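Student: These protein sequence lines map, in sequence, to chains A and B.
Here numbering that gives the first Met the number 0 is used: position 53 in the first sequence is 52, and no number is missing along the way.
Here numbering that gives the first Met the number 0 is used: position 213 in the second sequence is 212, and no number is missing along the way.
Rather than coming from a laboratory, the hints here were simulated on the basis of the structure.
Mixed in with the good hints there might be a few duds.
Claimed, not checked - Straight-line Cα separation of at most 25 Å, DSS-like style, residue types lysine-lysine; simulated pairs: (1) LYS347/A - LYS110/B; (2) LYS108/B - LYS50/A; (3) LYS336/A - LYS316/A.
Quick caveat, the model's predicted, so the values are computed rather than measured.
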Amino acid sequence: MATAEPFLSMQGINKSFGNIPALIDASLEVREGEVMALIGQNGAGKSTMIKVLNGFSRKDAGTITVNGAPWAATSPEMAQRGGISTIFQEINLIPFRSVTENIYLGREIKTRLGLLDLRAMQAGARKLLAEFDIDVDVRRPLGEFSTAIQQMVAIARAVSFDARLVIMDEPTSSLDETEVGVLFETIRRLKAKRVAVVFVSHKLDELYAVCDRVTVMRDGRTVAVSTMADMTKLQLVATMLGRDLAEVRRAGATAFTEGTRTIGEELLSVQDLAVGRRVSDASLSVRRGEIVGLAGLLGAGRTETARAIYGASPHEKGSIRLEGKETDFTAPADAIKAGIGFCSEDRKHEGIIPGMSVRENLTLALLPALSRAGIVDESRQREIVLRFIKEIGIKCSSPEQKIRELSGGNQQKVLLARWLCMNPKLLILDEPTRGIDVGAKAEIQRLIRKLADDGLGVLMISSEIEEIVEGSDRVFVLRDGKMTAEFDGEAINEPAVMGAMAHGHGEVA
Amino acid sequence: MPRLHASAGFGALLALLLIIGFGAWRYDGFISEYNILTVLRYNSMFALVGLGMCFVIMTGGIDLSVGSVAALSSVVAAYLSPYGLIPGLLGGLAAGLAAGIINGFIISKMKILPFIATLATMLAASGVALLLSNQQSVPASYDTNFMALGQGDFALYAPEWVNGEDAGFFGAVIRIFLGFPIPAWIALFAYFLGSLILNRTAFGRHVLAVGGGEEASRLMGLPTDRTIFLVYVMSGFLAGMAGVILAAQFGAGQPIEGVGWELFAIASVVVGGTLLTGGKGSVGATLVGTLLLGILFTVLNFENGMGWISLSAYWQSVLRGGFLLVVVILQSRLTRSAAAA
Numbered sequence: 000m001a002t003a004e005p006f007l008s009m010q011g012i013n014k015s016f017g018n019i020p021a022l023i024d025a026s027l028e029v030r031e032g033e034v035m036a037l038i039g040q041n042g043a044g045k046s047t048m049i050k051v052l053n054g055f056s057r058k059d060a061g062t063i064t065v066n067g068a069p070w071a072a073t074s075p076e077m078a079q080r081g082g083i084s085t086i087f088q089e090i091n092l093i094p095f096r097s098v099t100e101n102i103y104l105g106r107e108i109k110t111r112l113g114l115l116d117l118r119a120m121q122a123g124a125r126k127l128l129a130e131f132d133i134d135v136d137v138r139r140p141l142g143e144f145s146t147a148i149q150q151m152v153a154i155a156r157a158v159s160f161d162a163r164l165v166i167m168d169e170p171t172s173s174l175d176e177t178e179v180g181v182l183f184e185t186i187r188r189l190k191a192k193r194v195a196v197v198f199v200s201h202k203l204d205e206l207y208a209v210c211d212r213v214t215v216m217r218d219g220r221t222v223a224v225s226t227m228a229d230m231t232k233l234q235l236v237a238t239m240l241g242r243d244l245a246e247v248r249r250a251g252a253t254a255f256t257e258g259t260r261t262i263g264e265e266l267l268s269v270q271d272l273a274v275g276r277r278v279s280d281a282s283l284s285v286r287r288g289e290i291v292g293l294a295g296l297l298g299a300g301r302t303e304t305a306r307a308i309y310g311a312s313p314h315e316k317g318s319i320r321l322e323g324k325e326t327d328f329t330a331p332a333d334a335i336k337a338g339i340g341f342c343s344e345d346r347k348h349e350g351i352i353p354g355m356s357v358r359e360n361l362t363l364a365l366l367p368a369l370s371r372a373g374i375v376d377e378s379r380q381r382e383i384v385l386r387f388i389k390e391i392g393i394k395c396s397s398p399e400q401k402i403r404e405l406s407g408g409n410q411q412k413v414l415l416a417r418w419l420c421m422n423p424k425l426l427i428l429d430e431p432t433r434g435i436d437v438g439a440k441a442e443i444q445r446l447i448r449k450l451a452d453d454g455l456g457v458l459m460i461s462s463e464i465e466e467i468v469e470g471s472d473r474v475f476v477l478r479d480g481k482m483t484a485e486f487d488g489e490a491i492n493e494p495a496v497m498g499a500m501a502h503g504h505g506e507v508a
Numbered sequence: 000m001p002r003l004h005a006s007a008g009f010g011a012l013l014a015l016l017l018i019i020g021f022g023a024w025r026y027d028g029f030i031s032e033y034n035i036l037t038v039l040r041y042n043s044m045f046a047l048v049g050l051g052m053c054f055v056i057m058t059g060g061i062d063l064s065v066g067s068v069a070a071l072s073s074v075v076a077a078y079l080s081p082y083g084l085i086p087g088l089l090g091g092l093a094a095g096l097a098a099g100i101i102n103g104f105i106i107s108k109m110k111i112l113p114f115i116a117t118l119a120t121m122l123a124a125s126g127v128a129l130l131l132s133n134q135q136s137v138p139a140s141y142d143t144n145f146m147a148l149g150q151g152d153f154a155l156y157a158p159e160w161v162n163g164e165d166a167g168f169f170g171a172v173i174r175i176f177l178g179f180p181i182p183a184w185i186a187l188f189a190y191f192l193g194s195l196i197l198n199r200t201a202f203g204r205h206v207l208a209v210g211g212g213e214e215a216s217r218l219m220g221l222p223t224d225r226t227i228f229l230v231y232v233m234s235g236f237l238a239g240m241a242g243v244i245l246a247a248q249f250g251a252g253q254p255i256e257g258v259g260w261e262l263f264a265i266a267s268v269v270v271g272g273t274l275l276t277g278g279k280g281s282v283g284a285t286l287v288g289t290l291l292l293g294i295l296f297t298v299l300n301f302e303n304g305m306g307w308i309s310l311s312a313y314w315q316s317v318l319r320g321g322f323l324l325v326v327v328i329l330q331s332r333l334t335r336s337a338a339a340a
């Protein structure tokens with residue numbers, strides 16, 4: 000069934016943003032009627048690859064051919080007209096407008112007078128959706144329907160442009176199980192119509208359920224192409240993370256050293272937690288003086304679990320206990336008062352205030368405690384700021400330097416200091432070293448170790464397997480919203496953790 | 000959600016009927032021909048400005064310049080009125096159109112926030128109007144039929160019998176119909192066209208799509224920049240028309256009129272249930288909103304006339320502001336409960 004000439008061929012693609020290369024000699028080939036999985040960690044280059052293909056971004060070098068002819072789409076609408084439709088991760092339709100409008104926007108059917116032919120469009124929309132076994136009132140606003148229906152409408156719209164290739168960027172991230180089933184059925188129908196699909200997802204089971212082949216990307220390069228059948232889940236995870244299975248050892252690639260390890264009594268205990276769609280059954284615990292790693296693939300529910308502990312998202316089920324007492328946080332402010340700090344993974348948007356100084360950023364969360372009757376005690380503020388700059392080695396010209404002028408590593412240190420100056424009992428770190436250069440990374444890792452040795456409980460989320468394996472005293476693995484494995488001490492090693500991430504249990508398959 | 004949307008418009012209509020009922024019950028002469036026609040004549044200007052504002056707000060934008068643009072057009076129209084109705088009309092419209100094109104260009108091509116862009120043109124248009132007029136009102140010509148645009152009607156064409164003693168109810172209806180002020184006809188026609196454009200043309204659907212999700216619209220390949228450009232052009236044009244009517248109605252170009260019109264227009268649009276964030280709205284409900292706020296004003300005048308209380312114009316602003324606040328709070332409550340359901 001594979002044709003000799005692939006429908007889509009992208010070869011030697013290079014793309015940089017500023018000085019940072021996002022794609023280096025990357026390639027992707029998709030055959031007619033084939034479902035191709037495209038996987039990789041955050042920052043591996045999947046999204047950039049898709050954007051280069053659908054005309055959203057311009058490639059710096061490389062060739063793209065579609066059906067043997069050079070492809071030169073410079074905008075998503077041009078790509079759409081050329082037969083390549085993209086369904087973005089967030090459904091990019093207009094919820095206020097009717098289903099019909101969402102399908103026909105931009106290519107309305109008109110009467111001879113140039114007015115809209117509403118009846119013809121409604122009939123067309125009904126017919127189109129019937130092909131996908133969807134029977135809804137097409138006059139109702141799209142926003143009234145479930146996410147799955149909205150997703151299907153997006154797909155129907157994409158396909159109705161006579162798409163020959165449909166790109167789906169994490170289409171299942173907002174769908175429940177039955178909805179995913181409907182989506183898969185849709186993909187099979189597309190396949191039967193000889194339409195090619197590029198399927199981006201982090202859920203391995205889904206890839207095996209619906210994809211024919213897989214392209215793995217890492218650090219901007221295409222590192223593997225294989226049929227799904229020829230690759231085990233573990234191999235897939237190892238390739239994604241860039242670890243050679245045979246050489247996986249406790250090698251010491253990070254700066255986490257063996258500390259004094261004075262692990263105390265239990266600080267945090269989470270039982271059978273369920274949060275929204277992403278987390279269905281998570282349990283974990285953190286003790287004083289302990290770094291607990293929370294591992295899992297993207298979308299496994301790590302951040303959601305952390306946010307629930309921090310009171311930023313409500314949890315539907317389960318219990319969260321801090322020092323033995325059931326917590327009842329309705330907002331992060333409650334968690335902060337109880338002694339929990341949270342460093343978000345999105346440093347730029349949820350962490351720093353770029354235009355403010357190091358001093359202001361560092362003491363932002365502490366201000367209520369620093370001020371009396373609304374007046375900030377500036378001498379105390381200054382004293383605290385100077386102490387932390389010295390203690391954790393923040394490199395800045397003065398406390399008054401704007402934080403946006405600092406390197407990523409130093410920004411992260413300021414954020415850590417922001418929480419440390421509150422004397423927390425528990426610190427939750429979501430991807431503490433993402434986007435930080437190697438040297439600063441080691442410093443941050445040493446700092447985390449030292450904090451734990453001083454008695455702080457740390458819950459660390461990381462996508463970097465070595466950071467988890469070498470930095471943690473204990474590791475919990477989340478897979479599709481469920482806690483599937485716990486490793487302690489010597490049992491923590493890369494094959495075991497990766498195995499749990501891929502299969503849901505600790506053994507290597 | 001259309002149920003909610005309908006209910007917002009329906010609520011405004013209900014409030015309008017209630018307030019008319021209240022006025023009819025409390026004041027003599029509230030439902031007189033004279034009063035009805037005065038209300039229509041005066042509010043037709045606001046209705047036109049409100050219509051333009053409605054389209055702008057449906058894209059998620061705002062046009063603060065409408066008041067000074069109307070003032071500017073009234074000055075231009077008054078200067079040209081000695082040459083006749085048509086030159087006066089076209090001159091005023093051209094001034095409005097020019098302002099609209101400038102707004103549209105700055106916002107859609109140079110990507111300046113609508114609030115800032117139209118704030119700038121508001122100041123600029125007001126300055127130009129004052130410069131042109133030497134800070135004086137500019138008398139419009141009584142020698143041409145220019146004034147008909149603001150004051151005229153078709154009552155002259157009424158058959159004899161409707162003015163007779165025994166014309167009865169039917170006669171009164173015909174009298175009012177023919178006595179309908181020309182500016183009200185213009186506004187009605189504009190609303191008819193506006194409704195057709197919004198509901199039955201691709202442009203109208205694109206307006207709502209852009210307001211409901213600009214990035215999504217762009218990704219769908221809709222001409223978002225052109226759509227945004229055109230709503231400001233429309234708004235400027237309609238403000239120009241309102242300015243022409245202003246000059247014709249008051250017999251002079253008014254460089255300092257139009258202050259606060261933009262807020263009145265925004266209020267009418269919002270009271271009509273159009274979301275300030277864009278994406279959802281109705282032309283008809285905006286007309287209802289304009290009438291509602293306009294009649295509220297008339298009711299207060301009548302109340303003052305009763306002699307029990309004496310509310311200054313400033314108090315009327317306070318009351319209207321409070322009224323608007325209530326509507327907006329209700330709107331956000333409804334939206335939130337609909338989202339939660």
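Student: None of the hints should be skipped; say for each whether it holds.
Tutor: Hints, one by one, checked against the model:
no.: 1; hint: LYS347/A - LYS110/B; in the structure: 24 Å, holds
no.: 2; hint: LYS108/B - LYS50/A; in the structure: 24 Å, holds
no.: 3; hint: LYS336/A - LYS316/A; in the structure: 23 Å, holds
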